[in-house]
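Undergrad: Following the hints, complete the assembly by docking chain B onto the known chain A.
Sequence order for the protein chains is A and B. Using full-length UniProt numbering, read the first sequence as starting at 1 and increasing by one per residue. Using full-length UniProt numbering, read the second sequence as starting at 1 and increasing by one per residue.
It should be emphasised that the hints constitute simulated quantities derived from the structure, not laboratory data. Bear in mind that the values here come from a model prediction, so they are computed numbers and not experimental data. Heads up, none of these hints are tricks.
Partner residues are not named here, just some residues of chain A that face chain B (Cβ under 10 Å, in silico):
(1) V157
(2) R171
(3) A218
(4) M264
Ideal Cβ positions, reconstructed from N, Cα and C, are used throughout, including at glycine.
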Amino acid sequence: MNVNVYLPLLAALALGTAGPTLGRRLPPAVATVLLTAAALVTALTSLASLALLTGVVVLRLPEFAAEDRLSDAVLVHGPVSPLVGTVSGLALLALLPFAIRAGIRLWRESARTYRLAKAFSAHPASIAVIQDPRAQAFAVPGIPSLPGHAAIPTRIVATDSLLRTLDEDQRRAMFAHEQAHLHHRHHLYLLLTNLAAVANPLLWRLPDAVTEATERWADEDAAAAVGNREVLARALGRAALSNLPRTIPAMAQAHVGKRVRALMAPPPPRRRALAAIVGIAIAATVWASFQSAQEADRFFDSAHAAWHIAHERNDEDTHFVVADLGSPIRS
Amino acid sequence: MATGRRPAGALEQEVLATLWAAGHPLTPAAVQEQVGGGLAYTTVKTILDRLHDKKMLTRVREGKAYAYTPVVEQADLAAEAMRAALEGSSDRPAVLSKFLDEISADDAAMIRELLGDSP
Numbered sequence: 001m002n003v004n005v006y007l008p009l010l011a012a013l014a015l016g017t018a019g020p021t022l023g024r025r026l027p028p029a030v031a032t033v034l035l036t037a038a039a040l041v042t043a044l045t046s047l048a049s050l051a052l053l054t055g056v057v058v059l060r061l062p063e064f065a066a067e068d069r070l071s072d073a074v075l076v077h078g079p080v081s082p083l084v085g086t087v088s089g090l091a092l093l094a095l096l097p098f099a100i101r102a103g104i105r106l107w108r109e110s111a112r113t114y115r116l117a118k119a120f121s122a123h124p125a126s127i128a129v130i131q132d133p134r135a136q137a138f139a140v141p142g143i144p145s146l147p148g149h150a151a152i153p154t155r156i157v158a159t160d161s162l163l164r165t166l167d168e169d170q171r172r173a174m175f176a177h178e179q180a181h182l183h184h185r186h187h188l189y190l191l192l193t194n195l196a197a198v199a200n201p202l203l204w205r206l207p208d209a210v211t212e213a214t215e216r217w218a219d220e221d222a223a224a225a226v227g228n229r230e231v232l233a234r235a236l237g238r239a240a241l242s243n244l245p246r247t248i249p250a251m252a253q254a255h256v257g258k259r260v261r262a263l264m265a266p267p268p269p270r271r272r273a274l275a276a277i278v279g280i281a282i283a284a285t286v287w288a289s290f291q292s293a294q295e296a297d298r299f300f301d302s303a304h305a306a307w308h309i310a311h312e313r314n315d316e317d318t319h320f321v322v323a324d325l326g327s328p329i330r331s
Numbered sequence: 001m002a003t004g005r006r007p008a009g010a011l012e013q014e015v016l017a018t019l020w021a022a023g024h025p026l027t028p029a030a031v032q033e034q035v036g037g038g039l040a041y042t043t044v045k046t047i048l049d050r051l052h053d054k055k056m057l058t059r060v061r062e063g064k065a066y067a068y069t070p071v072v073e074q075a076d077l078a079a080e081a082m083r084a085a086l087e088g089s090s091d092r093p094a095v096l097s098k099f100l101d102e103i104s105a106d107d108a109a110m111i112r113e114l115l116g117d118s119p
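Bound-form chain A, shown alone (with noise of 0.2 Å):
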């Protein structure tokens, strides 16, 4: 089997690798999109690879083979060796408690998130006010009305000492920063990534890049929507700093220092080049994988024909035996 099948293996690789520091060379509404579609089609091909290469191999073992009509003088030709398909097949099994365990985490935030949701659609106003003395607001998605189902409405939920502590002009940069993670769902984008990353545990980084992305994507809306990148800057210190005490302080994922210092900067540049060249990666990713599965179907297709052909000539030759036998009876 030729490159093909290994192709998307090395861009879960490299997007599990590579991908955080891709999302922040790309514009953030540009790196949200290309990060989630580039994590599932690498999620979904690179599975695909180590199945293809596992089940090449498995179909070997004679029981497998005359079950299914395989020819064996085909088979051991295969285009897969036995220890490729063994250390595919070993791989797969590495990643399922990963996947298992990422599954989980990902089944109990979305219930989570659900539940929040509903609790707050029978709320009147498309704000609610939570006494707390943390500095925090969330934008807690809408889910559209399904066939059992009433709509459940968007809401953005703010604590009252984050409303203290900003002003009246950064409380609006602050609502529009909200307001764009729910115009544009991000939490679509997120769930969609973890999902991939559930797939190929290889991607366990994707969802938090993601994260990063889609907060600096909300922070560039809303840097456009009040006309001003530094109000919103100056919304996200003073709101991170009022925290400080409370806060476990150096976390892996945090965020706040990076987008406080990319407001303060010139809007991102768009990065055309860098963004072709990733749309392009994605796509021979998924010609690669359909290029490896057709050509696995042509070899189980000629390992198919090849048990026909040798079981008729099977049959072929019962019956010249049986007219041989007959041939002295006769004369």
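TA: Leaving out everything else, chain B in the frame of chain A:
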């Protein structure tokens, strides 16, 4: 008109936030002044009336006008759910976007420096 760029619900959010930030009852005129952005008095009055109808504000008469105060959410279902989300806010939430995450001491120093003495 400056309010034309505000998305739906934004006025309601800003008016309610202003009342919360004030910490004491505000008349429509005071709200109009503090929200800014060139809001018309009648617009502010309408929003305050609507929030009062939704039982999110209480009002007391102050001279010729009413002065409004936000109603504190009791320990209801939503507040409980929110508190649970706040408790868990040191973890990275999967799909819920929050305004802030924790900052490191280095970030705090950088923010102070970037924003000057009074951010």
